[in-house]
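With the sequences and hints as input, model every part of the structure.
Sequence order for the protein chains is A and B.
Each residue of the first sequence is one higher than the one before, starting from 1 at the first, in UniProt numbering.
Each residue of the second sequence is one higher than the one before, starting from 1 at the first, in UniProt numbering.
It is worth saying that the hints were derived from the structure and are not from the lab.
Backbone N, C-alpha and C define an ideal beta-carbon position, used for all residues, glycine too.
Warning: the hint list may mix true and false statements.
Where chain B lies over chain A, by a calculated footprint (3+ residues, C-beta under 8 angstroms) [as the list claims (entries may be wrong)]:
1) 15-23
2) 36-45
3) 57-69
4) 72-81
The following residues of chain A were derived to be distant from chain B, with all beta-carbon distances above 12 angstroms [unchecked claim]:
5) Leu2
6) Phe3
7) His30
8) Asp33
9) Thr86
10) Arg87
11) Lys88
12) Glu89
13) Asn90
14) Pro92
Subject to a maximum C-alpha distance of 20 angstroms in a straight line, what follows is the list of computed PhoX-like cross-link-like pairs (lysine-lysine) [unchecked claim]:
15) B:Lys9 to A:Lys58
16) B:Lys40 to B:Lys28
17) A:Lys20 to B:Lys11
18) B:Lys28 to B:Lys11
19) B:Lys40 to B:Lys11
20) A:Lys8 to A:Lys75
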Amino acid sequence: MLFYSFFKTLVGKEVAVELKNDVILTGTLHSVDQYLNIKLLTVNVVNQDRYPQLTSLKNCFIRGSVVRYVQIDPKDVDTELLQDATRKENSPQVGGGALMEDKK
Amino acid sequence: MASTLSEWKSKPVTVLTCDGRLIVGTLKGYDQLQNLILCKSYEKVYSVDSPMEKVELGLFVVRGDNVAIISDGGCGKSSSGENNNGNSDEGKEEEIDDYVGRAEPIMEISGNR
Numbered sequence: 001m002l003f004y005s006f007f008k009t010l011v012g013k014e015v016a017v018e019l020k021n022d023v024i025l026t027g028t029l030h031s032v033d034q035y036l037n038i039k040l041l042t043v044n045v046v047n048q049d050r051y052p053q054l055t056s057l058k059n060c061f062i063r064g065s066v067v068r069y070v071q072i073d074p075k076d077v078d079t080e081l082l083q084d085a086t087r088k089e090n091s092p093q094v095g096g097g098a099l100m101e102d103k104k
Numbered sequence: 001m002a003s004t005l006s007e008w009k010s011k012p013v014t015v016l017t018c019d020g021r022l023i024v025g026t027l028k029g030y031d032q033l034q035n036l037i038l039c040k041s042y043e044k045v046y047s048v049d050s051p052m053e054k055v056e057l058g059l060f061v062v063r064g065d066n067v068a069i070i071s072d073g074g075c076g077k078s079s080s081g082e083n084n085n086g087n088s089d090e091g092k093e094e095e096i097d098d099y100v101g102r103a104e105p106i107m108e109i110s111g112n113r
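Take a look at the structure:
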């Protein structure tokens, strides 16, 4: 659940999603769900010359299972907060995950 | 906030499947696993040696496992480019037209699930 919370903090930000077939889509993160399915708005395909058939994509839903990477602008990530959240999730006491939202 | 497909119900969508095919159709139904029911669907077949070909599929059910991308639209406002009612530097709006030329096929998703 931690990464679900993490991605929720990135809603509205510009991200690049690399699929397992090497296609890279950039766009504004509109929403994410528990399976890390991603919805992007105003999508652009990186390497349009290779994939001209995908230039017509505008808003898309990307199935979480086909995502290899999500590339994020470092400015959009609070690494300290993320570090704390991962520590908390791995700590023996309480499972974290809510931490990311708490501070928001 | 949850990524649902509800806003695209009964609308034309383009589906990229895990084997790299592009299927266009009207989204008649779906579920939380992205199993899809498409009606009036057709496949857009791209290859390097001939322009895009449409293969009629009719009513089509795609199992969620095989879905990679679902995108809204896809029927293209016009593939002939005859309705040049706006200026061509509208950018994104112009690109919504179907690409009908040649293209290398999209690779299949490797190492899926």
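Practice item. State the violated hints by number, sorted upward, taking the hints as numbered earlier in the document. Key: 4, 7, 8 and 17
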